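> Residue strings, one per chain:
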Amino acid sequence: AQKITQTQPGMFVQEKEAVTLDCTYDTSDPSYGLFWYKQPSSGEMIFLIYQGSYDQQNATEGRYSLNFQKARKSANLVISASQLGDSAMYFCAMREGQGDYKLSFGAGTTVTVRA
Amino acid sequence: DSGVTQTPKHLITATGQRVTLRCSPRSGDLSVYWYQQSLDQGLQFLIQYYNGEERAKGNILERFSAQQFPDLHSELNLSSLELGDSALYFCASSTRLGYNEQFFGPGTRLTVL
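As they're listed, the protein sequences go chains C and Z.
First residue of the first sequence? That's 15 in my numbering, and the numbers climb one at a time after it.
First residue of the second sequence? That's -18 in my numbering, and the numbers climb one at a time after it.
Source of the hints: derived by calculation from the structure; they are not laboratory data.
The structure displayed is predicted, hence computed values, not measured ones.
Ideal Cβ positions, reconstructed from N, Cα and C, are used throughout, including at glycine.
Watch out, some of these pointers could steer you wrong.
Stated by the list, open to error - A short, non-exhaustive set of chain C residues, derived as facing chain Z with CB atoms under 10 Å: (1) G47; (2) F49; (3) F61; (4) Y64; (5) A102; (6) F105; (7) R109.
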């Protein structure tokens, strides 16, 4: 079964508007972490934001915020005030447990920001 | 710049050959992870090392092996290469055991012809 599901293969957003990228996850482990990474066309993976399963508040990093709904097992990324440089592939990932720390990635969502 | 370096950036080789990909983690990071990104499989975890010891294994083929050296740099060895091994190979590092974040290198793009 897929551990991370990203159902939106591609999205268009107008510059300066907000966009929400969906991510749902599947784990039975009470301790886990959720990550979002950005991959521009140049190929590098850029860490954006992290949410721990025990964190009481939603994570925020500048224009990025994570809408964490634990009961629904969702960890949506919100990008506010979109910029042309936000055009990229975005990946949701999960680390489970406290043993090994590998990340399981979703299929990604391509975001295109229009001027 | 994440502080993780990978060499080479691009690698073109033929089927049946062997290649070595190199990764230097961020200064102070003890944990190194290798991931493969391909069009059909997406991003997949291959293997993790922590302070020189293998820590976890993912869907790594038997033709692939890795090691982490005393200076903490890591090498991923790919042998008997097949067309399907063409992919972007990432190395990531973290301070402890990747609890909060893993920083990715720029990747090595391997093309097998």
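> Confirm or reject each hint.
Each hint tested on the structure:
1. G47: 7 Å, holds
2. F49: 7 Å, holds
3. F61: 5 Å, holds
4. Y64: 5 Å, holds
5. A102: 14 Å, violated
6. F105: 7 Å, holds
7. R109: Holds, because the Cβ-Cβ distance from R109 (chain C) to chain Z comes to roughly 6 Å (cut-off 10 Å).
Checked against the numbered hints given earlier, the structure breaks only hint 5 and satisfies all the rest.
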